[in-house]
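Residue numbers (the UniProt record's numbering), protein chains in the order written: chain A, 1 to 467; chain B, 1 to 467.
For the record, the hints were derived by calculation from the structure and aren't laboratory data. Hints are not guaranteed to be accurate.
It does not matter which identical chain is used: a pair holds within one copy or between any two.
[Stated by the list, open to error] With a straight-line Cα cutoff of 20 Å, these simulated EDC-like cross-link-like pairs (lysine to aspartate or glutamate) come out:
#, residue 1, residue 2
1, LYS414, GLU182
2, LYS222, GLU295
3, LYS5, GLU89
4, LYS337, GLU122
There are 2 protein chains.
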Amino acid sequence: MGYKKVDEKDITYIRQVIGDDERVLTNGDINEEYSHDELSGTSSYPDVVVRAKSAEEISKIMKYAYEHTIPVTPRGAGTGLVGSSVAMEHGIMIDSSLMNQILELDEENLTITVEPGVLLMELSAYVEDHDFFYPPDPGEKSATIGGNISTNAGGMRAVKYGVTRDYVRGLEVVLPDGTITEFGGKVVKNSSGYDLKDLMIGSEGTLGFITKAILKLLPLPKKVISLLIPFPTLEQAIDTVPLIIKSKSIPTAIEFMQREVIMDAEKYLGKAFPDHQADAYLLLKFDGNSVEEIENTYDQVAKLCLEQGALDVLISDTEEREESIWKARGAFLEAIKGSTTYMDEVDVVVPRNRVNEMVTYLHDLQKDVNIRIKSFGHAGDGNLHAYILKDQLNEQEWENRLNEAMDKAYEKAKELGGQVSGEHGIGYAKKQYLKESLPSVDLQLMNKIKQAFDPKNILNPHKIAQV
Amino acid sequence: MGYKKVDEKDITYIRQVIGDDERVLTNGDINEEYSHDELSGTSSYPDVVVRAKSAEEISKIMKYAYEHTIPVTPRGAGTGLVGSSVAMEHGIMIDSSLMNQILELDEENLTITVEPGVLLMELSAYVEDHDFFYPPDPGEKSATIGGNISTNAGGMRAVKYGVTRDYVRGLEVVLPDGTITEFGGKVVKNSSGYDLKDLMIGSEGTLGFITKAILKLLPLPKKVISLLIPFPTLEQAIDTVPLIIKSKSIPTAIEFMQREVIMDAEKYLGKAFPDHQADAYLLLKFDGNSVEEIENTYDQVAKLCLEQGALDVLISDTEEREESIWKARGAFLEAIKGSTTYMDEVDVVVPRNRVNEMVTYLHDLQKDVNIRIKSFGHAGDGNLHAYILKDQLNEQEWENRLNEAMDKAYEKAKELGGQVSGEHGIGYAKKQYLKESLPSVDLQLMNKIKQAFDPKNILNPHKIAQV
Numbered sequence: 001m002g003y004k005k006v007d008e009k010d011i012t013y014i015r016q017v018i019g020d021d022e023r024v025l026t027n028g029d030i031n032e033e034y035s036h037d038e039l040s041g042t043s044s045y046p047d048v049v050v051r052a053k054s055a056e057e058i059s060k061i062m063k064y065a066y067e068h069t070i071p072v073t074p075r076g077a078g079t080g081l082v083g084s085s086v087a088m089e090h091g092i093m094i095d096s097s098l099m100n101q102i103l104e105l106d107e108e109n110l111t112i113t114v115e116p117g118v119l120l121m122e123l124s125a126y127v128e129d130h131d132f133f134y135p136p137d138p139g140e141k142s143a144t145i146g147g148n149i150s151t152n153a154g155g156m157r158a159v160k161y162g163v164t165r166d167y168v169r170g171l172e173v174v175l176p177d178g179t180i181t182e183f184g185g186k187v188v189k190n191s192s193g194y195d196l197k198d199l200m201i202g203s204e205g206t207l208g209f210i211t212k213a214i215l216k217l218l219p220l221p222k223k224v225i226s227l228l229i230p231f232p233t234l235e236q237a238i239d240t241v242p243l244i245i246k247s248k249s250i251p252t253a254i255e256f257m258q259r260e261v262i263m264d265a266e267k268y269l270g271k272a273f274p275d276h277q278a279d280a281y282l283l284l285k286f287d288g289n290s291v292e293e294i295e296n297t298y299d300q301v302a303k304l305c306l307e308q309g310a311l312d313v314l315i316s317d318t319e320e321r322e323e324s325i326w327k328a329r330g331a332f333l334e335a336i337k338g339s340t341t342y343m344d345e346v347d348v349v350v351p352r353n354r355v356n357e358m359v360t361y362l363h364d365l366q367k368d369v370n371i372r373i374k375s376f377g378h379a380g381d382g383n384l385h386a387y388i389l390k391d392q393l394n395e396q397e398w399e400n401r402l403n404e405a406m407d408k409a410y411e412k413a414k415e416l417g418g419q420v421s422g423e424h425g426i427g428y429a430k431k432q433y434l435k436e437s438l439p440s441v442d443l444q445l446m447n448k449i450k451q452a453f454d455p456k457n458i459l460n461p462h463k464i465a466q467v
Numbered sequence: 001m002g003y004k005k006v007d008e009k010d011i012t013y014i015r016q017v018i019g020d021d022e023r024v025l026t027n028g029d030i031n032e033e034y035s036h037d038e039l040s041g042t043s044s045y046p047d048v049v050v051r052a053k054s055a056e057e058i059s060k061i062m063k064y065a066y067e068h069t070i071p072v073t074p075r076g077a078g079t080g081l082v083g084s085s086v087a088m089e090h091g092i093m094i095d096s097s098l099m100n101q102i103l104e105l106d107e108e109n110l111t112i113t114v115e116p117g118v119l120l121m122e123l124s125a126y127v128e129d130h131d132f133f134y135p136p137d138p139g140e141k142s143a144t145i146g147g148n149i150s151t152n153a154g155g156m157r158a159v160k161y162g163v164t165r166d167y168v169r170g171l172e173v174v175l176p177d178g179t180i181t182e183f184g185g186k187v188v189k190n191s192s193g194y195d196l197k198d199l200m201i202g203s204e205g206t207l208g209f210i211t212k213a214i215l216k217l218l219p220l221p222k223k224v225i226s227l228l229i230p231f232p233t234l235e236q237a238i239d240t241v242p243l244i245i246k247s248k249s250i251p252t253a254i255e256f257m258q259r260e261v262i263m264d265a266e267k268y269l270g271k272a273f274p275d276h277q278a279d280a281y282l283l284l285k286f287d288g289n290s291v292e293e294i295e296n297t298y299d300q301v302a303k304l305c306l307e308q309g310a311l312d313v314l315i316s317d318t319e320e321r322e323e324s325i326w327k328a329r330g331a332f333l334e335a336i337k338g339s340t341t342y343m344d345e346v347d348v349v350v351p352r353n354r355v356n357e358m359v360t361y362l363h364d365l366q367k368d369v370n371i372r373i374k375s376f377g378h379a380g381d382g383n384l385h386a387y388i389l390k391d392q393l394n395e396q397e398w399e400n401r402l403n404e405a406m407d408k409a410y411e412k413a414k415e416l417g418g419q420v421s422g423e424h425g426i427g428y429a430k431k432q433y434l435k436e437s438l439p440s441v442d443l444q445l446m447n448k449i450k451q452a453f454d455p456k457n458i459l460n461p462h463k464i465a466q467v
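Chain A extracted, bound-state conformation (with noise of 0.2 Å):
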């Protein structure tokens, strides 16, 4: 690729741009956990990382960079799960977790403005103090806000509230360059030409860094309310989820899982679910400003799924028993992961009326491999996480038959109208995949697009559309 390895004379320059040595790590400083993120296998060592605290500091790094043609990768908390922030070609890592001030809560204009390293968790907690409402709620509360705006995440209350980027204002970016540029604003709408914000949302830091970030919040919800529903099998738990749709009741939330997950979820975390008599369960959240409002929603919803053969409607409106179901369904991953030597992921997303066919498939797909496969997910909005386990499996065989597996389950998706990923982006460990999904104009234009961005391709190469 031609570009510049880092020398002493780089690390003497980005030193200085910094002045604080702290701030700038080498060699033996780099933590391990630098190189690589949660779950790609994807693993390689940066030459220097930057613990920048402002967009001028990565401004002039950047900048340097740039003439000097040497490749940068953006980096968050790393909670990553397709190695978008690994640096494959080494050089700069900058990292963003100290630049973590939430800068203006703005009531009249109901926006929040935050720096990229703000925490997910310290985002809601810091609005929901205020009586505010941040919806995005993807399962990692210790990303960074910069990192959920970079994958597009999307979380259990897209159902009704859709994903990261619906709540997305403004961005403040560097560009491959150097230079701090602004899209979007404070504003409401904007037909003001083309859209580089929404570019931007998703682009796993690729085309620009975020340095800051204008979100947009919600009234908070006065009421929340969850159902657990067990049902006798998975099928018919899923197939249910069209006809809520359909009955035009959405509930903030609709997620699917089975029994196998919810006792890996019981061991990790030492903690008793709250119910056991099902293989499976649709778990259900309702949100609004009364009781009554909600009850008015859920009434007809339960009574549909005792229709459709529900075994149960359980009710929980004790804040005790609601965090009992929600951190349950928050471990799955940590706790599938406890429960193999080694896994790998697919996070496929279908229409939501087809996602029983997906699911049938996955399982079917362990005896057809075999391999052991453990999915859940959000069954309302049609995105589903299956974990493939390596078990006791040789590194022979666990590629073959994770690779053949793969395979199957991305065709397969493909064929039910689905997409590659529905929230944790394609990096580097998915490339193939979305080659294989989207036409291929698609992916040239894309590459197109990384070009006018980033002629020298400096910025977090070898991800997403590129080879």
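Chain B: place on chain A using the hints.
Chain B only, in chain A's frame:
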């Protein structure tokens, strides 16, 4: 630009592709309407108009145009206000108005799939007949949905429901070289590469020709109630808006209007407006699933308005009254147009707590520039429509004063953190103001993106960020 002029051979080829001479118009057959849109003052005839019926027809013509470097201009109903659908370089105009089929209502995925020439009013009526709701609600109901997507049209309900962009799940597009492709799909979440779908939305027919759209629907709210609230002064009316937002009751719409515009509308419609006691009004809409639910919300807002000096709160809960108020609101543009010899408009959007500064500025600008300006708009989302009226001015005076008023209005909007266009787009008429309002690097990126999609610059040239 080196475009090829359309000749007899080209016409023969086009007639052969279309196979129906009534759908290929040349010379004297081209209605004068095809040379302009509703407002921009931009005028230029195409050499040939093709009334396409399928993506395949458009693909063949585009491919031919690409090979021969003939400019192509997409057109819907021609209701634009900034010249986006005017054929600046002549060439081929492709009119989508015969592609007006509703292709599928999918109740399980809450989507509707339509051709681009379906009119907004046809779409609304169709989905409401099926008890669904397509929230975007621009004033111009006879626009095509393809046009709405191309300008990212906003409308009255943006306060609660957002804009067109928020309701587009997938697009079928013919690219400038004739390739037919798809962006997005029926899925609710998507993190599979760069967001080409949102890049297409709002690109005013410069990046591709939209031939099919998958739109998101919501359940139809069962009840809608409006409040008409007279205030002694416009300032008091508009100052109340941020307080309503801050009170966390989110109406569907918050519009402001002044007596003189209401009188224009009465004259234009030949129908009395239900109230005449005040100089300024707020018009609020609330929706929900029961009268009680809505009452709980609007009671609080009504109280707040009275505290802020409102003269009265008129509740419109009959269909007849509802229609008389909103029909007047819908007629404002035409009514103002009818009250003068000629006019031009600004469609600025500012943060909603700066609306009053903007409105006051526009009011004072009348004296400053010595020209009449009438404004109304979406107080709840910060999007103002101000009309600058020619009246009896001669051409030279009109040009001078219009330019001065425009320059000053856009400069003020920028100073308030606003954008050039909230929902009407940039097209040809507002290019200069876009250029003055955005960082130059943003404009450069837009032009590079245009080049990535359309290296020969044949699709709708001279629009948005192009010279």
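A quick look at each hint next to the structure:
no.: 1; hint: LYS414 with GLU182; verdict: between (36 Å within a copy, 13 Å between copies)
no.: 2; hint: LYS222 with GLU295; verdict: both (13 Å within a copy, 17 Å between copies)
no.: 3; hint: LYS5 with GLU89; verdict: within (9 Å within a copy, 49 Å between copies)
no.: 4; hint: LYS337 with GLU122; verdict: neither (25 Å within a copy, 51 Å between copies)
Of the numbered hints stated above, the single one contradicted by the structure is hint 4.
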